[in-house]
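Protein chains: 2
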Amino acid sequence: MKPIRSFDELTKYLQSRESHNSIAVVCPYDEHTKYAILRSLNEGVSHFVLLGNQNLMPPELLKKELCKHITILHYENDKEAAQKGVQLVKKRKVDILMKGLINTDDLLRIILNKEDGLLPQGKVLSHLAVMDIPTYPKLLFFSDAAVIPRPNLLQRIKIIEYATTVCHQFGIEKPKVSLIHFTEKVSPKFPISMDYVNIVEQADEGAFGDVIIDGPLDVKTSCEYESGEIKGISTPINGQADVLIFPNIESGNTFYKSVSLFANAKMAGVLQGTCCPVVLPSRSDTGLSKYYSIAMACLIADKNKTIA
Amino acid sequence: MKPIRSFDELTKYLQSRESHNSIAVVCPYDEHTKYAILRSLNEGVSHFVLLGNQNLMPPELLKKELCKHITILHYENDKEAAQKGVQLVKKRKVDILMKGLINTDDLLRIILNKEDGLLPQGKVLSHLAVMDIPTYPKLLFFSDAAVIPRPNLLQRIKIIEYATTVCHQFGIEKPKVSLIHFTEKVSPKFPISMDYVNIVEQADEGAFGDVIIDGPLDVKTSCEYESGEIKGISTPINGQADVLIFPNIESGNTFYKSVSLFANAKMAGVLQGTCCPVVLPSRSDTGLSKYYSIAMACLIADKNKTIA
Numbered sequence: 001m002k003p004i005r006s007f008d009e010l011t012k013y014l015q016s017r018e019s020h021n022s023i024a025v026v027c028p029y030d031e032h033t034k035y036a037i038l039r040s041l042n043e044g045v046s047h048f049v050l051l052g053n054q055n056l057m058p059p060e061l062l063k064k065e066l067c068k069h070i071t072i073l074h075y076e077n078d079k080e081a082a083q084k085g086v087q088l089v090k091k092r093k094v095d096i097l098m099k100g101l102i103n104t105d106d107l108l109r110i111i112l113n114k115e116d117g118l119l120p121q122g123k124v125l126s127h128l129a130v131m132d133i134p135t136y137p138k139l140l141f142f143s144d145a146a147v148i149p150r151p152n153l154l155q156r157i158k159i160i161e162y163a164t165t166v167c168h169q170f171g172i173e174k175p176k177v178s179l180i181h182f183t184e185k186v187s188p189k190f191p192i193s194m195d196y197v198n199i200v201e202q203a204d205e206g207a208f209g210d211v212i213i214d215g216p217l218d219v220k221t222s223c224e225y226e227s228g229e230i231k232g233i234s235t236p237i238n239g240q241a242d243v244l245i246f247p248n249i250e251s252g253n254t255f256y257k258s259v260s261l262f263a264n265a266k267m268a269g270v271l272q273g274t275c276c277p278v279v280l281p282s283r284s285d286t287g288l289s290k291y292y293s294i295a296m297a298c299l300i301a302d303k304n305k306t307i308a
Numbered sequence: 001m002k003p004i005r006s007f008d009e010l011t012k013y014l015q016s017r018e019s020h021n022s023i024a025v026v027c028p029y030d031e032h033t034k035y036a037i038l039r040s041l042n043e044g045v046s047h048f049v050l051l052g053n054q055n056l057m058p059p060e061l062l063k064k065e066l067c068k069h070i071t072i073l074h075y076e077n078d079k080e081a082a083q084k085g086v087q088l089v090k091k092r093k094v095d096i097l098m099k100g101l102i103n104t105d106d107l108l109r110i111i112l113n114k115e116d117g118l119l120p121q122g123k124v125l126s127h128l129a130v131m132d133i134p135t136y137p138k139l140l141f142f143s144d145a146a147v148i149p150r151p152n153l154l155q156r157i158k159i160i161e162y163a164t165t166v167c168h169q170f171g172i173e174k175p176k177v178s179l180i181h182f183t184e185k186v187s188p189k190f191p192i193s194m195d196y197v198n199i200v201e202q203a204d205e206g207a208f209g210d211v212i213i214d215g216p217l218d219v220k221t222s223c224e225y226e227s228g229e230i231k232g233i234s235t236p237i238n239g240q241a242d243v244l245i246f247p248n249i250e251s252g253n254t255f256y257k258s259v260s261l262f263a264n265a266k267m268a269g270v271l272q273g274t275c276c277p278v279v280l281p282s283r284s285d286t287g288l289s290k291y292y293s294i295a296m297a298c299l300i301a302d303k304n305k306t307i308a
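Residue numbers (this note's numbering), protein chains in the order written: chain A, 1 to 308; chain B, 1 to 308.
Be aware that a few hints might be false.
No distinction is drawn between identical chains; accordingly, a pair holds when it is met within one copy or between any pair of copies.
Said to hold, decoys possible - List time: in silico DSS-like cross-link candidates among lysine-lysine, alpha-carbon distance up to 25 Å: (1) Lys-123 / Lys-79; (2) Lys-305 / Lys-91; (3) Lys-189 / Lys-123; (4) Lys-138 / Lys-266; (5) Lys-12 / Lys-174; (6) Lys-123 / Lys-84; (7) Lys-91 / Lys-185; (8) Lys-79 / Lys-185.
Please keep in mind that the hints were generated in silico from the structure rather than gathered at the bench. Here the structure is a predicted model, which is why all the values come from computation and not from measurement.
Just need the whole structure built from these sequences, with the hints factored in.
Laid out in structure tokens, this is it:
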């Protein structure tokens, strides 16, 4: 498989498949979610089950000519709609779950329910995002900008494993994973830099499979060759990172918000650790970003099926 | 004074003055520092005293025709050169100190020396940076991306005061200061969000003078009106922040590195708290960025003189 290097290539890849994915959307009441659903239908990448109050859904989604591609399940109550969405995943009636205009905490509580939720025991819930940045030659994955505020060493290892797996699914044979810090210096004053050394050693011994991991590195040294050269830093990342692992949620979120705003980057993101990809957009995400998140989830769902 | 909204306007403002600033540069051995010095001379914004080993300085800086604007003081030893630079500031022979190719820690140790250094007792040393971003309509100041890893409440208040003062010096009458967090929610789980509430209350009572302070806000809501609108957040920042105060050094540094790299932003920065502006560039800063830092320091030095 040729590596997918942009969101356009992602759509083309999905269109080249013979099958479609099926996506359950909980409470698709807002314009951005509507855009994402209609765009996905137009591009031919997925079918939908829409759960929630029919009277609150945009009329364009209820049109008769769409009934081949959209199934509507009417629920007056948001939480019931969410519960049904989770059930559809458990019964393998859909491949992907997506949040519309429902309170995030309400939906998460149902997803995380120990008895009939979507997070298998022992799994770490995390968030993986990817950006298509006009000034960078390939997709740039990053984590965790949304779920775990201060990952501990074990959580961080899981986060790296999730990112590596998805990179492989995107056709990146040996992803370059950069462990982000504000400096390249390792110091006991910053325990995270010691964790990074530990992780890099494990990676060198093969614990993470087919991947190159290095750090601590800053964002510029990770993504620009000259930056490392000027500083006299030699790293196998070589300014060509595929993945940035951020030290904390503040830095991950700052990256996501500032690069999407100031560099006109396009964004996609899914939850990781759950038994199916879950699209959980933030309120300020655009319709386009919600569509790209669906596309990302479709690729992951397909590749997981192939393994299963 | 009309607000300065770009680095070009900053240069023009400095050119409109009748006087020049005088800058001591310690160990100006590298090409980027050379570029910044020659550019400053060309633009007519400052004169220089260069301290260090003459044999290591680029020959272009030693040309006879520059002797009206450049004084060379030869020192074989880097630390002696640094010490002399600090002395020149103390004796008011120069207005600004700048680091060339000398180890940052060595220079900082001399600057921070309690007896004859540049940090008055009780002052907090911090770093203030400013970006000229092609996709943002005005200059965007931010702090602290370089010096204090985890500012406590008192340090954060100082950081805000420094930024506000410099904004006023740039002609921004009522700067909008945004306290950055990864979400707009206030929660005891994140003590910093409680500190922010405290600071906003103090600001409302006038403790910070002529300034609008709000937070917690994320970077997008701070700098894009639509983002706040979609989230239903009403803030006097209105997507038009002049200043971003970051929660920790990792997020500040991520902002600085990713926006300069991916959004082609130009950067300037100076130390704050010292008795004169100190330009302490990072090794990977471009020559242009070092020139803009000189320009920023010149403006600050001038305005401080007016007050003194």
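Review point. Which of the numbered hints are not met once you compare them with the structure shown?
Key: Structure breaks hint 7 only.
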